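Visitor: Sequence:
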Amino acid sequence: MLAAERRLKILTDAAEFPAADVIVVVEESVCSETLSLPREVRAASPHEAPPRCVIVTDDFPDNMLVPAIECGMAALLPRNRIEAGVLARTIVGVSQGMVCLPLRLQAGLLAEFDRVVNKVLKPRGLTLSGLSVREHEVIRLLANGYDTDEIAAELAYSGSLIKKTIKELMDRYGLRSRSHAVAHAIRHGII
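Just so we're aligned, residue 86 is where the sequence shown starts under our numbering, counting upward by one.
These are calculated hints, taken from the structure and not from any lab test. These numbers were taken from a predicted model, which means no experiment stands behind them. Using N, Cα and C, we set each Cβ at its ideal position, and we do this for glycine too. Some hints here could point you the wrong way.
[To be verified] The calculated label-pair distances, taken between Cβ atoms and stated as ranges, are:
1) LYS94 - GLU155: 22 to 30 Å
2) GLU101 - SER243: 51 to 59 Å
3) GLY215 - VAL184: 20 to 28 Å
4) LYS94 - PRO208: 44 to 52 Å
5) ILE154 - VAL177: 19 to 27 Å
6) GLU101 - ASN229: 48 to 56 Å
7) GLU118 - ALA89: 27 to 35 Å
[Stated by the list, open to error] Restricting the straight-line Cα-Cα distance to at most 30 Å, the calculated cross-link-like pairs of lysine-lysine (DSS-like) are:
8) LYS207 - LYS249
9) LYS204 - LYS249
10) LYS248 - LYS207
11) LYS204 - LYS252
12) LYS207 - LYS252
Model the full assembly from the supplied sequences, consistent with the hints where possible.
Guide: Have a look at this one:
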């Protein structure tokens, strides 16, 4: 189906798979075993961002959503109605960062996302950004021009705890200064 598509290079030797930009899995039904190849290819990938996956199937159980996302699924297409042009455009789109998921799976993904935020992150004092609530408040106050003593007073912590929090945050993200930390937080939608 894709052999005549000039925009794509089809890899057929398993030794080449880790170099792929996109993995295409075509199966009648998706189960845990279906995801073993994408999992292995992504683990062996030399790319900074491992390849994403296009799954073509007619049977995608709801309980496979999270495992498939963990294996890089970025598109799900119906097997019984697939056309070469649609498949090629989807592969190219996925290689450029596009996502193509049915509305049913989008709703399931949002529900899972909400569950993780409310049942996993919040009870542990974490925010979606991966920052603790304290780290989030400190970076927000830094962005508002507060110095260490003002942040400490505002949050009712010691100045040394605020300094430690800022240092850990900067070390974790490889940031060079407080202004760099604020710029990072803004650029990544943290504040």
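Visitor: Among the hints numbered above, which are violated by the structure, and what are their numbers in rising order?
Guide: none
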